[in-house]
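Residue numbers (our numbering): 871 to 1046.
Possibly wrong hints are sitting among the right ones.
Using C-beta positions, here's what the derived DEER-type ranges look like [stated by the list, open to error]:
id : residue 1 : residue 2 : range
1  : 914       : 1020      : 17 to 27 Å
2  : 921       : 995       : 25 to 35 Å
3  : 873       : 1023      : 21 to 31 Å
4  : 880       : 1009      : 17 to 27 Å
5  : 1014      : 876       : 21 to 31 Å
6  : 943       : 897       : 34 to 44 Å
7  : 1012      : 959       : 18 to 28 Å
Calculated from the structure, these hints are not laboratory results. Backbone N, C-alpha and C fix where the C-beta goes; we use that ideal spot for every residue, glycine too.
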Amino acid sequence: MSTPARYLLLAQIGFFLSLVVCVLLDSAGLHSNHGWSYYEGRSQTFVPYLLGLGWCVLLIALAAGLLSRSAAPAGFPAALKLLSVLLLLDVATPDTVDAAFSWAHDLTSALLFLYELGLAVWLVRAVWPTRVARLLVVVQFTGGLVAMFSFLELFHEVADDASVRTEDVPAAFGES
């Protein structure tokens, strides 16, 4: 594995581990409508969250620097640098400050998701055109839909409707 690839892998592992620490410290974030940003606004998880994200951004930027001096596909180093900037913008706009920050955070998060999805599609076409890679992009897109529906609180409405129907089932069969 090349050094830039190792940096990108370590960036993901480091951020994932920081999220694990955050969840262990405060599992309520898994039920929050703030996504992973929930952990940015909590005193007990603020430090591990920012350390993990900072580690991720640093290693992505280092990988971009190394790739700019290599035979990497054209545009890939710049794409990674822009990814680092979007990650920093996302964390620099905590949604708990006020309405303007919340709006900026939501916009930045949406742009970050769309950018990451576009980058994934480009990588699959340019670097790793396999069925597994295409499947991973579908999983990423599906995860984005789940996040969007959760953010719009549509899952809560579906769950509420389902619980009402479930409660009505015994009455429909003459049971009390």
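Checklist entry - Any hints this thing doesn't respect? Which numbers, in order? => result 3
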